[in-house]
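Trainee: Line by line, the protein sequences are chains E and X.
With full-length UniProt numbering applied, the first sequence has no gaps in its numbers, which climb one by one up to 475 at the end.
With full-length UniProt numbering applied, the second sequence has no gaps in its numbers, which climb one by one up to 475 at the end.
No lab work stands behind these hints, which were simulated from the structure alone.
No residue lacks a Cβ here, since even glycine has one placed at the ideal position from N, Cα and C.
Don't take each hint at face value.
Far from chain X, some chain E residues (derived; all Cβ distances over 10 Å) [to be verified]:
#1 Glu91
#2 Leu95
#3 Ser129
#4 Lys138
#5 Ala207
#6 Ser233
#7 Ile260
#8 Lys317
#9 Glu349
#10 Lys391
#11 Leu411
#12 Glu415
#13 Lys444
To be clear about the criterion: a stretch of chain X counts as covered by chain E if any three or more of its residues have a C-beta under 8 Å from a C-beta of chain E, and this derived list gives those stretches [what the hints assert, rightly or not]:
#14 280-294
#15 319-332
#16 461-473
With beta-carbon atoms standing in for the labels, derived distance ranges [claimed, not checked]:
#17 E/Lys135 - X/Ala284: 55 to 63 Å
#18 E/Thr309 - X/Gln463: 25 to 33 Å
#19 E/Glu131 - X/Gln463: 32 to 40 Å
#20 X/Gln463 - E/His154: 40 to 48 Å
#21 X/Gln463 - E/Glu419: 56 to 64 Å
#22 E/Asn473 - X/Glu131: 30 to 38 Å
There are 2 protein chains.
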Amino acid sequence: SPAAGYPFPLAPYGRSYQPNQGSDDDWDESSTVADEPGALGSSYPDYELSLSSRGGHMAGHLHPPGSSAKSSATVSRNLNRFSTFVKSGGEAFVLGEASGFVKDGDKLCVVLGPRGPEWQENPYPFQCSIEDPTKQTKFKGMKSYIAYKLVPSHTRQQVHRRYKHFDWLYGRLAEKFPVISVPHLPEKQATGRFEEDFISKRRKGLAWWMDHMCSHPVLAQCDAFQHFLTCPSTDEKAWKQGKRKAEKDEMVGANFFLTISVPTGPGAGLDLQEVESQVDGFKAFTKKMDESTLQLNHTANEFARKQVTGFKKEYQKVGHSFKCLSQAFELDQQAFSAGLNQAIAFTAEAYDAIGDLFADQPRQDLDAMMDLLALYQGHLANFPDIVHVQKGALTKVKESKRHVEEGKMELQKAEGIQERCNIISFATLAEINHFHKICVRDFKSQMQHFLQQQILFFQKVTQKLEEALHKYNSV
Amino acid sequence: SPAAGYPFPLAPYGRSYQPNQGSDDDWDESSTVADEPGALGSSYPDYELSLSSRGGHMAGHLHPPGSSAKSSATVSRNLNRFSTFVKSGGEAFVLGEASGFVKDGDKLCVVLGPRGPEWQENPYPFQCSIEDPTKQTKFKGMKSYIAYKLVPSHTRQQVHRRYKHFDWLYGRLAEKFPVISVPHLPEKQATGRFEEDFISKRRKGLAWWMDHMCSHPVLAQCDAFQHFLTCPSTDEKAWKQGKRKAEKDEMVGANFFLTISVPTGPGAGLDLQEVESQVDGFKAFTKKMDESTLQLNHTANEFARKQVTGFKKEYQKVGHSFKCLSQAFELDQQAFSAGLNQAIAFTAEAYDAIGDLFADQPRQDLDAMMDLLALYQGHLANFPDIVHVQKGALTKVKESKRHVEEGKMELQKAEGIQERCNIISFATLAEINHFHKICVRDFKSQMQHFLQQQILFFQKVTQKLEEALHKYNSV
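Here chain E stands alone, though its shape is the one from the complex:
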């Protein structure tokens, strides 16, 4: 039940919510609160801030924008710290209450890599493009939606999916994998869904999401995702079957942890304090990452806005003033200045063009930066819960050791708790490892892209000025 002052019940860790499961009814996006501040039917160049993704992608929740999201997230940490551990099934697992048969194909393997535990590589890595957003209609044109073409590289069979399919998939994954940071989808939006800029931006967000899905060894290979990627769009029956199969997955909650297979034998055990230390360090890292990505996103948004408005305006005012000057020289009857007025007029055009270059530049560099930051803010919003499941397990181990010393628990039972905590630790450390790798990969690539685009931009500006300077040679 909600705590006083916090109006929204928080879903279990998986953040699933009834509407994603079960009913195949047309889910009308317009009934969802538009939770993107400033994005309602917005036309370019209003840049979206991904503030609401910080609160996590609360699929289906009436999730108010801005500060409430933040305070809800804070409350979730304070009140549900324990509950997340419980609700994810982590506690039940650690206490030995889970049991079931795990098929080989369902096993998630953690191996020991050069930098410690990591998810076993996907033996069949693949990618999937998101292309060609097209407006489709249903009910004789009464209902419209956007469909995207997906082309997975391992099947090369294109399928078409709409946002609600992505959203369904997200719900399944977030529910199933409490130790994994499932990337957040781009925001829902009630209005302006058919605006070209919105569609373009959403497509990019989905492409990033897809890249992170395919890059994760566990997520890439999971059944629900494969169903999403491969079920032919025309076969509604097959879709529903796969959907229900995923929704009936028994290896969820406490049972999920049974599927995790970890290294065994000498040298494979994890030192408790070492794990705690690493997890605490990671917590500090994600906190700082969260603050700095938020700040950078905000700065990028502002910088983009300034270029589109202020910078463009300043350079074009200079151009306009040069134009007036050239027009004055045209009035020179003695034609002393025939070449000069043309050169000055050309210079005026150069500055006007530079203004346009500034206005167009954010699309080339800052937009991509902000898309990436939005995706990472989603991940960073996931980690507190992942960390809490781990900490809950560690706490259980400490408690069990104390109970043994106090004679309240049998040693064998405590050892079982430690062993099962060990499994969670391997998984968490593997996930941390994965996050670091993908973080470095993405930020290196993004910074390079950003700088390359900035360099190209300033080179273009320089070139315009050099062309203008050249005109004075013949004066």
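Got chain E; can you put chain X on it based on the hints?
Mentor: Relative to chain E, chain X alone:
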């Protein structure tokens, strides 16, 4: 006497005023109204708008800044259109009332060049540098002033002059030469005269003034200027002698026009309508020039301000945000990102440096542009009166023709009027010619300088970014 609503008596065309002549008393600059808006004790980066120079350099007048200057100038055209012609001595000359002996050395020759009448070239062209502004004191340190070192290229003897000497010279020239556009001095200023930025800017303004003085065949060779340039600074007696000699010059007013020597013989006469047409065309040109240089000056001022504040701020905020991001990566314990955090930190510094480059850039390019525009606004403020003297003469010719037709004037007298108007026309056209030449010379040079500096700037920015991009190669 002042017209109703216009509080200031307008001086005769020469704009001289008693205090510049006669008394050698220490003229306390602080008794002059500080007529530079926003420049009172201002420290960088408050850019001065040379608005008040539009009203002309009213030496010694209590000349309020801004709009009053503008309305005074307008009134002077309306009410004194006739008076300028009269007060300059132009009317008296045209009517044949001037007489006197003109020494060869005092003759100002107009010749026929490829583009029509022009001032005869100075056979001994020279330049003069303005260097080394130094604070001097008098009265045992009770009074301070800035002295500049002048080194004329034809004497190579350095002399020291202070602002009041320049001001005295200006007064002499403006009074003597009604057909010539005497460049205006940089503004007087009551406070902040010893600020480094002010001194530096004033020195540049004086250098521009000096360049235009030396570039003008008539001004360069005139006695008062030569006295100013060559009289040894230590010889106070010689200075006063030269000063009084200049102030006693008899070839002023109507007599001045006697010194103008024009081409004679067949093909040397000027067609009245042609002259009128050229002068009208020039009037349209100067009007448009005046508007556009004012606008460009204003735009340049704003552009400079924006670079020093807004642009710098935006780039440095980006740098700061990148810095925070790199600090987050430093918290990555597994040192996945050792190279990355350093590359991002380097990128942060690059953007910080780019912010500083923007802030420093106006000193490199826009400042020089604004200095030039201020000088030209002074010239453009002179031309209405020059044009009016010409038009007054043309009017007299038309009147005289009518009088002859009406039998009110003897033909011989009318012919004398035409001949003397012809002299004024030659001088005016020569001055117009000179202005066009110097205009093209200066604006070509200034635009080239501006563009070269802008190119250098953007190249520097690009280089910083390329250095930063390079850092990612080793990540």
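Trainee: Any of the earlier hints contradicted here, and which numbers?
Mentor: 8 and 13
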